[in-house]
Every structure is written in C-alpha cells, then in structure tokens.
Amino acid sequence: MPGVLGVVASGAGGVEQRLRVELVAPAVRRGWRVAVTLTPTAARWLADNGELDRLAELSDLPVRSTSRLPNQPKPHPVPDCFLFAPATANSVAKLALGIADNQALTVLCEALGTPGLPVVLHPQVNQAHAAHPAYPGHLAVLAAAGVRIVSGESAQPWQRLLDVVDEVTGRAHRGV
0 MPGVLGVVAS
10 GAGGVEQRLR
20 VELVAPAVRR
30 GWRVAVTLTP
40 TAARWLADNG
50 ELDRLAELSD
60 LPVRSTSRLP
70 NQPKPHPVPD
80 CFLFAPATAN
90 SVAKLALGIA
100 DNQALTVLCE
110 ALGTPGLPVV
120 LHPQVNQAHA
130 AHPAYPGHLA
140 VLAAAGVRIV
150 SGESAQPWQR
160 LLDVVDEVTG
170 RAHRGV
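With the first letter of the sequence shown counted as 1, position 150 gets the number 149 in numbering that gives the first Met the number 0; the numbers rise by one all the way through.
FYI, nobody ran anything at the bench for these hints, they're computed from the structure. Possibly wrong hints are sitting among the right ones.
Using C-beta positions, here's what the derived DEER-type ranges look like [unchecked claim]:
| # | residue 1 | residue 2 | range |
| --- | --- | --- | --- |
| 1 | G115 | D162 | 18 to 24 Å |
| 2 | L116 | A139 | 30 to 36 Å |
| 3 | P72 | P1 | 19 to 25 Å |
Using N, Cα and C, we set each Cβ at its ideal position, and we do this for glycine too.
Go ahead and model the full structure; you've got the sequences and the hints to work with.
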C-alpha cells in the first residue's frame, strides 16, 4: 500500500500553476498517495483556473479547503508525512503560534502535535515579510518543533522538496 503524503499549500505566487505539475504529479509518480489541503486563498486561486478538479483526479481524493461536518467521515487517510509548500509568511506565523483558523492550518497544527509525524515546509515570502522582526522567531519555533524547513535554491524546482520528503520518511527515491 502506498504511503500517504499530505500536501498543504497556501496562496503564494505561482501555486495555481506549479502545485500539480511540480509537486503532486511527481509525488504520485514516486508512489505516494497524495492528500491535498489548501488555505482558502489557494483554493480560490486553484478553483479559478480549474486546478482543483485536476488535483482531485490525479490524487483520487477530494481537495480540502474547508472543515467537514461532525457527522461526515474524514475525507483523507492519515498522512505519513506533510509537505507544506508554498507556505506564506502569514501561514508560517499562524502555524508557529498554533493558530488553526482554516483547514490547512488545522491539519498542520495537529501534525506538529503528533510525535513522529514528519513535516517539511517550504516558505515562499518576499523580502519585506522575511525582514519582519517576528519572522525569524516563527521559523525558529517551527524548527524547534521538528519541522524541516527548506528554502532558497534547494527548493527549486518544487519537485526537489520530494527528495527531502523521501529523506525524512526513510523512503527510497523511486525516480520521477
């Protein structure tokens, strides 16, 4: 049975073109079953260009951006790892502070509280957000919680993030 990779994405520039092509499709080719959860902004952007349906078809799971009702079953299996890419400064701050005000942050906050569940995060922020006095502290909190933060050129193209996922999960690279 394939491992489950929880891919979480926020509304950073390019997510609407890159998420399926550079992360989800390559993860599926590597043998992952991919469960996609989006922030509300990312969901709007991907709905606007038809990517939500393409992602759901590719992953064979619904793309989540809202919470379920209490009487509804969980639509995603429990992930073996989470990959949060791209992560905006807003989402990084909320995650570091434990603010789970949308479905994407809810699953990630739960992941941080689950021993042994790896989380890989790729922040995509502009210089002004990165220069905010609180931003380095947010990254430090996440790193102290065991989050593997991958930034800069080592995360380009996004497909390279899957190598880090393979590393933190102990999976053999299966080619792309």
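We went through each hint and held it up to the structure:
1. G115 / D162: 18 to 24 Å: holds, 21 Å
2. L116 / A139: 30 to 36 Å: violated, 20 Å
3. P72 / P1: 19 to 25 Å: The hint (19 to 25 Å, Cβ to Cβ) holds, given that P72 and P1 are roughly 20 Å apart.
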